[in-house]
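> Throw the hints in and build the complete structure from the sequences for me.
So the chains spell out like this:
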Amino acid sequence: MSMDDSDLALVNAAGRGDVDAFESLVRRYQGPLLNFIARTLGDRGAAEDLAQEVFLRVYRAASRFEARTKVSTWVFRIAYNLAMTELDRRKRRRTLAEALHRNGEEASREALADPGEDREFQEEIASALDGLPGNQRAVLLLRLHQDLSYREIAEILGTSVGSVESLLFRARKTLRESLGRRKQQGGTK
Amino acid sequence: MKCEVIRLRLVAYMDGELDTELHGQFAAHLRQCADCRKELEALGDVDALVTSLPRYGPSADLARILVSKVRYTVAPVRKGPILQRAWKSLLEYSGRFVELLEPETRVGTRSLDEFNDIPDSFIGYAYFKVLGPQR
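The listed protein sequences derive, respectively, from chains U and D.
Per the working numbering, the very first residue in the first sequence carries number 1; after that it's consecutive.
Per the working numbering, the very first residue in the second sequence carries number 1; after that it's consecutive.
Be a bit skeptical, because a hint or two may be false.
As the list claims (entries may be wrong) - List of simulated lysine-lysine pairs, DSS-like, C-alpha gap at most 30 Å:
(1) D/K69 <-> U/K173
(2) U/K70 <-> D/K69
(3) D/K2 <-> D/K38
(4) U/K173 <-> U/K91
(5) U/K173 <-> D/K38
Just so you know, the hints here were simulated from the structure itself, not pulled from any lab data.
This one's a predicted model, so the numbers in the text were calculated from it and none came from an experiment.
Okay, here's the thing in structure tokens:
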């Protein structure tokens with residue numbers, strides 16, 4: 001049984017109320033999904049709550065899932081939509097209090113990094129990634145961290161393959177300029 | 001092929017998203033154009049940096065919390081049982097049938113808005129909803 005078939009079997013079983021099947025589905029997707037949400041939001045703390053919401057929606061809608069797309073595409077589409085909604089909400093409600101709170105998150109993110117790695121440099125990359133518009137960041141993560149094809153990403157976003165290519169082009173171009181600038185600033189210090 | 005055209009679609013080349021013929025043309029151009037090769041390497045460096053970011057993992061009890069939530073509080077949305085769906089269709093059908101036989105009956109029921117919250121499995125559904133003013 002292929003991964004896709006086994007995903008579908010789990011979703012069908014979860015739709016009939018089989019909690020064990022749902023748990024298997026959660027264990028299968030929780031890692032990649034949480035990483036995708038955390039990196040898209042730039043916020044590890046909020047990612048856990050959002051990931052829970054994604055899985056609860058998957059469970060509620062499992063009985064209505066029609067196998068026109070892959071289960072992974074469906075799950076990531078829910079995650080993408082929720083992450084974009086969350087980013088919009090944050091953008092609208094950005095206040096001084098939230099800015100202070102975000103500073104706190106920056107500190108906690110630093111504390112989460114692996115002490116054996118170059119934390120400062122990784123922070124720079126993460127910060128440059130956070131500077132991208134939400135949809136460009138999400139597309140880049142789906143491509144580079146999930147290794148999805150343009151067609152699969154287009155299905156998740158509900159857009160065309162051409163738009164995906166364009167988003168990836170702009171994301172990489174911006175990141176290249178942004179990281180290049182930081183490198184230059186670092187070199188001139 | 002011009003460098004400007006190549007650079008616009010370099011990401012698609014890099015991601016292996018071009019068709020075989022176009023991929024070959026890009027590869028041929030890159031073999032002879034140092035500037036475009038440099039551009040490709042720079043984009044590759046960006047990818048390598050993003051890929052090198054550590055992956056965030058879920059907390060150890062995420063699955064446990066979710067299982068507990070669905071076990072005790074959340075139920076999957078199900079289609080209604082077949083008998084209930086058949087009963088609803090029968091009520092709809094009989095309502096339409098009565099309407100055909102006695103079209104004037106409809107006139108007498110036009111003002112019964114207060115019955116709008118009537119359950120759809122109730123026998124009166126056919127009378128109040130199907131023959132009601134909104135239909």
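> Hints first: check each against the structure and report whether it holds.
Quick rundown of the hints versus the structure:
1. D/K69 <-> U/K173: With a Cα-Cα distance of about 43 Å, the restraint between D/K69 and U/K173 is violated, given a limit of 30 Å.
2. U/K70 <-> D/K69: holds (25 Å)
3. D/K2 <-> D/K38: Given that 30 Å is the threshold and the Cα spacing comes to 15 Å, the pair holds.
4. U/K173 <-> U/K91: Roughly 23 Å between the alpha carbons, so the hint for U/K173 and U/K91 holds.
5. U/K173 <-> D/K38: Cα-Cα ~14 Å, so holds.
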